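Chemist: Sequence:
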Amino acid sequence: MAGGRFARFLAGLTGRAEAFDQEGSMAADTWLIVGLGNPGEQYARNRHNVGQMVLDELAKRIGGTFKTHKGNARVAEGRLVPGGPKLVLGKPNSYMNLSGGPTAALAQFFSVDPDHVIAVHDELDIPFDSIKLKQGGGHGGHNGIRDIASALKTPEFLRVRVGIGRPPGRQDAADFVLKDFAGTEREQLPLLVSDAADAVELLVNEGLLAAQTRFHGA
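When we follow our numbering, the leftmost residue of the sequence shown carries the number 2, and every step to the right adds one.
Treat the hints with care, since some could be wrong.
Unchecked claim - Below, in silico cross-link-like pairs of lysine to aspartate or glutamate (EDC-like), each with a Cα-Cα straight-line distance of 20 Å or less:
hint	residue 1	residue 2
1	K87	E202
2	K133	E186
3	K154	D126
4	K135	D199
5	K87	D30
6	K135	E202
Unchecked claim - Pairwise CB distance ranges (calculated):
hint	residue 1	residue 2	range
7	T214	A175	31 to 37 Å
8	G41	Q109	22 to 28 Å
9	R171	R46	21 to 27 Å
Keep in mind that the hints were calculated from the coordinates and are not lab data. This one's a predicted model, so the numbers in the text were calculated from it and none came from an experiment. Even for Gly, the Cβ is constructed at its ideal location relative to N, Cα and C.
Take these sequences, add in the hints, and give me the full structure.
Modeler: Written as structure tokens, this is what we have:
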């Protein structure tokens, strides 16, 4: 009888240790994914807000709901699969050019290092319907990326760059990004958003090289 109690005691310890290891490993593998854009319904469908559209898709996949967070952002949390990495999805409440403060605040709150921060953003220099990924490097004139690099004190975070293409003719780029997707682009937008969410998943689960290999092509 004493032996039975001892066996149950050991089993309990083992179970708690396994749970601790599982939770501990998941806590250590937390990713912060920030969708860049401007706050407010009037901007929600703009080209400049495509990063936040991608976060909406990711929130569906993890079963998360965006809630107000003290880091000046709306946040959804969850996992793509049980036992998988934890995803923290952040939509800054600030305007695009001030994305750095909320990003740095969330990274500090959730103890996420820059190499586990992913910024999802629009990219003029990439054709519509294309996606590129990189870590570090310059901001390419994107003020949201510039501000995040400044706030994190390093450019060595990851970026999922969602192509929106250059404006036609002589249309001003600043005006172009603040317009909604139109025509065939609007029809193709759900697929682009889904592909960008796939890119985030692949980046988290298999790493940058695997994601680049798939989305950059031969």
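Chemist: Can you confirm whether the C-alpha distance between K87 and D30 stays at or below 20 Å?
Modeler: holds (7 Å)
Chemist: State, for the Cβ atoms of R171 and R46, whether the hinted interval 21 to 27 Å holds or is violated.
Modeler: This hint holds: roughly 24 Å between Cβ atoms.
Chemist: Is the straight-line distance between the alpha-carbon of K135 and that of E202 20 Å or less?
Modeler: OK: K135 and E202 at ~14 Å, within 20 Å.
Chemist: Run the distance test for K133 versus E186: straight-line Cα separation, threshold 20 Å.
Modeler: This hinted pair holds, its Cα atoms lying about 18 Å apart.
Chemist: Is it true that the CA of K135 sits at most 20 Å from the CA of D199?
Modeler: The given pair, whose Cα atoms are some 15 Å apart, holds under the 20 Å limit.
Chemist: Please test the hint of 31 to 37 Å on the beta carbon pair from T214 and A175.
Modeler: Once the Cβ atoms are compared, 34 Å apart, the range 31 to 37 Å for A175 and T214 holds.
Chemist: Is K154 within 20 Å of D126, Cα to Cα?
Modeler: violated (25 Å)
Chemist: Are G41 and Q109 spaced within 22 to 28 Å by their CB atoms?
Modeler: holds (26 Å)
Chemist: Run the distance test for K87 versus E202: straight-line Cα separation, threshold 20 Å.
Modeler: holds (11 Å)
Violated hint for the displayed structure: number 3, the only one.
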